[in-house]
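K.L.:
Residue-level listing of the chains:
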Amino acid sequence: MKYETQKIAYQYFVAATLLFGLQVIFGLITGAKYVWDYDPLINFIPFNTSRAIHMNLLVIWLLIGFMGGTYYLVPEEAETDIYSPRLAAIQLYCFVAIGVAAIIGYLAGWSWGMPFLEQPTVLKFGIVIVALIFLFNIFMTMMKTKKWTVIQGVLLGGLVMLALLFLFGVFFVRNLSTQYYWWWWVIHLWVEGAWELVAGAIIAFILLKLTGVDRELVEKWLYVEVGLVLFTGIAGTGHHYYWIGTPKYWFWVGGIFSALEPLPILFMVIDTLRDVREKRIEIENRIPLYWAVGSAVMHFLGAGVWGFAHTLPQINKWTHGTQVTASHGHFAFFGAYVMINLTMIYFAVPRIRGVSLKGHGRSLVALRLMVFSIFFMVLALGIAGVVQSYLQRILGMDYLTTQDYMKLWYAVMWVSGWGVVTGVFIYIVDFFSMGKPSKITA
Amino acid sequence: MTLSQGRAIFIWGTVISAVIFLGLTYDSISKMPERTHEEKLSDEVANGKWTWQRYNCNDCHTILGIGGYYAPDLTKVMSRRDPEWTRQFLKDPHKVWPAKRRMPNLHLKDEEIGNLVAFLSWVNGIDTNNWPPKPMAVAAAGPSQMPGEAVFKAQGCSACHKLSGVGGDIGPDLTHVGGKRTPEWIQQQLENPKSHFPDSPMPSFAKLSPKDMKDLVDFLSSLQ
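Just so you know, the protein sequences line up as chains A and B, in that order.
Okay, so the first sequence: first residue is 1 according to my numbering, each after it adds one.
Okay, so the second sequence: first residue is 443 according to my numbering, each after it adds one.
Treat the hints with care, since some could be wrong.
Said to hold, decoys possible - With the C-beta cut set under 10 Å, the calculated list includes, among others, these residues of chain B facing chain A:
hint : residue
1    : 447
2    : 460
3    : 469
4    : 507
5    : 513
6    : 580
Claimed, not checked - Anything over 10 Å on all C-beta distances counts as not near chain B; from chain A, calculated:
hint : residue
7    : 7
8    : 18
9    : 90
10   : 100
11   : 148
12   : 213
13   : 262
14   : 286
15   : 375
16   : 386
17   : 415
18   : 419
Stated by the list, open to error - Each computed DSS-like pair below joins lysine-lysine, with the alpha-carbon atoms no more than 25 Å apart:
hint : chain 1 : residue 1 : chain 2 : residue 2
19   : A       : 248       : B       : 518
20   : A       : 146       : A       : 7
21   : B       : 576       : B       : 604
22   : B       : 482       : A       : 248
23   : B       : 595       : B       : 576
24   : B       : 604       : B       : 542
25   : B       : 595       : B       : 622
26   : B       : 595       : A       : 317
27   : A       : 317       : A       : 407
28   : B       : 576       : B       : 518
29   : B       : 649       : B       : 537
30   : B       : 636       : B       : 653
31   : B       : 518       : A       : 317
32   : B       : 649       : B       : 604
33   : A       : 317       : B       : 473
34   : A       : 407       : B       : 542
35   : B       : 622       : B       : 604
36   : B       : 533       : B       : 518
37   : B       : 653       : B       : 604
38   : B       : 533       : B       : 636
39   : A       : 317       : B       : 576
40   : B       : 551       : B       : 518
If you're looking for bench data, these hints aren't it; they were derived computationally from the structure.
Remember, it's a predicted structure, so these values are computed and weren't measured experimentally.
Glycine included, C-beta positions come from ideal geometry on N, C-alpha and C.
Just chain B, with the same shape it has in the complex (with noise of 0.2 Å):
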């Protein structure tokens, strides 16, 4: 091989590559509105991924699977968390979720707050071709006949409770709950955690809806 020809491999290849890159990228970025819903990206949703980046979250959290791997990915987090649990817990972490690794209090006004739980929920509905996939374990197991089993993730019980092996220790394991207690002393529990143990740090869940607080109760109770 001559110079020559060595200089037209890295001229071709140079070229081939970029118009194949450029052309793709003129497309993708011409399909991100629809893709992204670009149309519900308010004002409120861009002050919130401007919080986002103020406070140097990306680089404890994943977004879109990108940053810091020290906390968890949050591209879906609104799937599996309520705005209100969400806004709580912004506002003190580590009292709504006493994990051993902890967030650190970042003291944010209720406006940012609201701004990033904006940006998280469009953030939420991204066409991110599946991403997280869903776990192979769940997808064997079928669809959770129990509506109660969603109330349960998105309010965040596991951050306390284990579940069959998975979840926090701060609150008693729940794997077998349904066999110890009757589903009267559960609602009760959650209505008011304080009336069966006075120190108990477990909050009330009294603001569930009724349907959702059924839900919970009834899944609980089938845990035997």
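In isolation and in its complexed conformation, chain A is listed as follows (with noise of 0.2 Å):
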């Protein structure tokens, strides 16, 4: 760490932390309705309500996550301390607040009812408050700089288009196909869009500390790879737009550009694995650079091959509304960005506490099991979600009969998730050990 205001990234690096914890534990209640048809918490916590809880919460901890990183990757970048770190602890405590007002206000029966927007109108113009104060906060202290990097520019891009889309997302529109049109301009190019930019320079970064390769090289990469991203992911939106009221020309354009979204996906693992190769330096800390390939190679197969499985029209017309979205879902998020954050977390807490990440072995156990078990995971939600096309969309068989028949691999789902659940455990508990370097080495 060079710079004192960086600190302030070890608190958000907390908060998501914790949050990822209660995410998981909403994602245990969410899969265990599926498993046995008695809910003794139907008049409480609802399926809705659970699944709204456990989605939410991913993405406040993973937008957390993202914020802690800038925090500490823009004043190295931009060679200057953070303009207002006050600002910035304000602006984390506004956004948890919001954050837990909304889960409480979801238990509640306060939802605003689009999935993944739930939030209320209300909580929702307090985001865009703490997504400006936040983007006011990273562009002037990127201002105070004497040079700009592509990293910079690829982050600062990535997060001023994260906040401009989620305005799309705010507006009740009275016909629901227009709703869910706009809606996808949230959803779909946050995650295959502005996320990607964000998660690129963060990955960028991270590799050009650990392996002393050449800047040039990582930021000519960077550019092609965040290129190709929104080259292929902004027209590929068009595989949202099948079947929601939009004309059929859709197919042909969603068809091809997202067919071609998994070659940025695989050009970033060939990235990865080159600058691991031709590493100028002895890699100290080799934890993050376990998750950093780790996490290319999931967001390839998650985001890349399991999207590709099921993005043609042709294949989406059956599959599309049942399971094999939450499987792909589920790898895809993991992989790209729950990956990504953790890659973030490990580079930087060691040095914001000044530890050593030497004997931190436990860091690998959680990585094991919680990729061993996500795979488990989406492997059986896949096989629930073909079955279930076979039997309602080709048999036509009504919905809820075809949910007996896959009883069975909704129990491996849950039982993995359980596998999950104790990777994030052991993950929480070595974070909270980063700090005290006695203990473990001993």
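Starting from two chains that each stand alone, build the complex the way the hints lay out.
P.N.:
What follows is the structure in structure tokens.
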């Protein structure tokens, strides 16, 4: 760590870590409802509430992680302290308060009712204000710099895009099809656009610092990767416009562009591995490197391969609206964004706290357990989805009857979910022990 | 490759994709009124959409295939259910459809129920490029000869009764009911279930129009 104000990132990582733990607990609660028909919580936390909380916590903690990562990265890139660490702290408290208010609201039945964007409008305005404070602080920090790096530029571009797109999910539209048209501008263009830019910049920064390869090499490929991400991802939004009331030309546009979406992700894998191979310095802290390589591979499998498998309209016609999508969603979010966040945390926290990660085998146990369990989980959900597509869409069986035939796979998913939760709790223990080096090395 | 070539890929890749996307967005949005028959989107429908959102229905049910996978997709539900059945169901889901996986009673007001039914009926008319697809097995079998089969589906009979392995198990399996019961017995059962079985939880279907009743009895009698 070079600048004192980078320390603010730690508070962000603490919040992200705790919310991550809560998120996976709600995942177990949600999953149990598929396994057992009888739901003792039906009048307190029905399925819709637990799903909303599970997904909102995911988005909140990933965003908080990205913000923490940004506060850590920008001073080093811009070679200056953060414009206002006080503002950064206030912003975090406001964001966490809004998140907690949203979750308590869901439990009390207060919802805006569009998936992922269930936050009531007043809270959404709060989120916009938090985003403005954040952007202001980052922008003012970057303005102090003498040299603009590509990493900073891509990061800022991603963050501005992220904030602007959120506005498309704030307003009530009378026409459901139109509402969903704009809804995808938030959901799809976040995860296959803005977030990719932020994550790409973060991973480029970490690889640069860890491996000591040429900045020009890293930045050149960062340009190419995010360029291809946006080229395939923007028009690739079309794969969500096959069946929502929009014209048929989206079959072509969505099909062709999204079929290319795995390409930039494959580039990222190759790029990551090349940086590691061509490293100029001996890598002392290998743990973030394991997470980075793991993320590249899981990102490719979850977002690239799993996405490609059902993105063409000829296939999507049968799988749309089934557990196939849930399988892809879990795999892609985990590989692309959960693992990137944990990479950033394992990179930054030892530097902030001035500790070595030597002997931190526990992190690798968490990594292996999470990856292994997620893999089984998405496999089970994927099979459940294929069974559902066949019974419901090919044979014409009614929805509730199909669920009985999927029970076995729901059970496999749920047991694997316990593996994920265990991995996450090992990670949480490891996270909080990073500040206590003596106990670890003993 | 140089840094500036990388930058060119970034700029041109983004610009080309964005231009295509924004152009088609303009076209899609301008076609929306026609494809979703917006002239039928009344205040009642819009209020129904808000009711749908307020109770967070979309995190259990998918609509247009988007949302939670815990409950049936409702895009074309009004092709399968009649409005009166839907109103009764929304009033007390478990009473009308005692399925193992339950929908909670949301204690909706009559006005909210009316708006929801209007909303779902409007959604039913959206041109979704034929999604959800007609099941292959059903398409292969050709159109049903029996109009009563549609009545059977619209009234949600399969919530309780099985036909050829598909359906609920609260009531008896009806796969061969025509071989066991006379048409008169079936009609009597539909109009007044308690006349045959005093403890039967089955609701009366005396509300059906004479044509629907005859079609349904014919259909059930044909199941030999």
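K.L.:
Kindly indicate which numbered hints from before are broken by the structure, ordering the numbers from low to high.
P.N.:
none
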